[in-house]
Amino acid sequence: MSAADDLELMQHADGELDERTRAEVEARLAKSADDRAKVQSLGEVSELVRSRLELSADDVPARRFESMWSEIERSLDRAAPRETSPGLWSRFTSWFERYRGHVLTGAVTAGAVAALAIILRPDGRTETVTRPSAINVQPAALRTAPEIETLDTPEGEGTVLNIEDEDGNTTVIWVSPADTVEGI
Amino acid sequence: MSARFWLTAALATTLSSTVVAQPKTPPAPPTVSCEFLEIRATSETAPSIDPELEKLRKKFKKPPFSSWNTFKLLMKANQPLAQRKAETIALKQGKATATLHGIVNATSVRLAISLEDAKGKNIINTTATFAAGDYLVYGHSLPDNAGHMLALTCK
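Residue numbers (this note's numbering), protein chains in the order written: chain A, 1 to 184; chain B, 1001 to 1155.
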């Protein structure tokens, strides 16, 4: 028996052979008692190893696995540093640094405009002081004669006359008792 | 347009609109000041005219005032008149109510006047437009042959 034959027996025990080779190995096993003993021994050894590994795996506490995974993740983080996005403040300061000249020019111009607006704005106090003098006294020669639009004299008769001189007009509305008027 | 232009425009607009948009004091309504003179006219042996009636001296020499020779000031009041607001002026003999209806061409006033005598009888209701500086005189005869007058002028 060659080493290649023993290797095929081990592969057969592990179920790693293709269809055709497995048929050849099984035909050989049917003929050779020695080969069958080898395969049986290989199966027993494999079973022993598997049992031993399972027991060892059971002995490892679950938290041990967790710590191992954490350690792995940390090492991955260190290996590939994460790309952090810049914050709002840092973006603003970076923008300001970029346009500082523009902002200062705008602020100075705006201040000048505001100062002009304050200076040119009409002052309400002046308006309230000057407003009451809403009527002008013209020279007497330029004045028009008074106009009596309505006249009601419940207790008598009303007479209207105008006296005009260099001082202007004086309009007189005189009420005479009704009986006196009738007597005239 | 550059970013500099837009920044300047935005800041200038914001600041100036804040300044200009501050509330203004509302304009005061137009008013006129009128002088009311209550006068008693009588006939006396010694003629006299109250010194405060000096401006009317010339008029007192003409009808209907020439019926009397003594003119005495009973009451004088300076009354500001606001538009559409009736003001009552208490007289020694009765009362007057004056309402400013408007200012015409900035030189004349349109006034409504009502007069009551000492007994509370309404004797005159009138609306007149007259120039600032001119006089309106309302009068009636009293039982003792005296005259009772209210002269007014506005400016």
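Because the hints were derived from the structure by calculation, they are not lab data.
Take these hints with a grain of salt, some might be off.
Taking lysine to any residue and the SDA-like style, the derived pairs with C-alpha atoms no more than 25 Å apart in a straight line are [said to hold, decoys possible]: (1) B:Lys1095 - A:Ser32; (2) B:Lys1119 - B:Lys1155; (3) B:Lys1055 - A:Gly156; (4) B:Lys1121 - A:Gly156; (5) B:Lys1155 - A:Ala140.
Reference listing, derived: stretches of chain A covered by chain B, where coverage requires no fewer than 3 residues with Cβ under 8 Å from a Cβ of chain B [to be verified]: (6) 38 to 44; (7) 49 to 57.
Pulled a few chain B residues facing chain A out of the computed Cβ check, cut under 7 Å [what the hints assert, rightly or not]: (8) Thr1099; (9) Ile1124; (10) Lys1155.
Idealized CB from N, CA, C, for every residue including glycine.
Structure-based check of all given hints:
Taking the CA atoms of lysine 1095 of chain B and serine 32 of chain A, the gap is near 152 Å; set against the 25 Å cutoff, the hint is violated. As the CA atoms of lysine 1119 of chain B and lysine 1155 of chain B are separated by approximately 31 Å, the hinted pair breaks the 25 Å bound. Straight-line distance between C-alpha atoms of lysine 1055 of chain B and glycine 156 of chain A comes to about 29 Å, which puts the hinted pair past the 25 Å bound. At roughly 11 Å between alpha-carbon atoms, lysine 1121 of chain B and glycine 156 of chain A fall within 25 Å of each other, so this suggested pair holds.
The suggested pairing of lysine 1155 of chain B with alanine 140 of chain A holds, with an alpha-carbon distance near 13 Å, which does not exceed 25 Å. Under the rule that three or more residues need a Cβ within less than 8 Å of chain B, the assignment of the stretch 38 to 44 of chain A is violated, with 0 such residues. Three residues within the 8 Å Cβ limit are the bar, and the stretch 49 to 57 of chain A against chain B gives 0, so the coverage statement is violated. The beta carbon of threonine 1099 of chain B comes no nearer than 13 Å to any beta carbon in chain A, farther than 7 Å, and the hint placing it at the interface is violated.
For isoleucine 1124 of chain B, the suggested interface contact is upheld, since its CB lies about 6 Å from the closest CB of chain A, less than 7 Å. Annotation: interface hint on lysine 1155 of chain B holds; nearest CB of chain A at approximately 5 Å, less than 7 Å.
Hint check: violations occur at hints 1, 2, 3, 6, 7 and 8; the rest are consistent with the structure.
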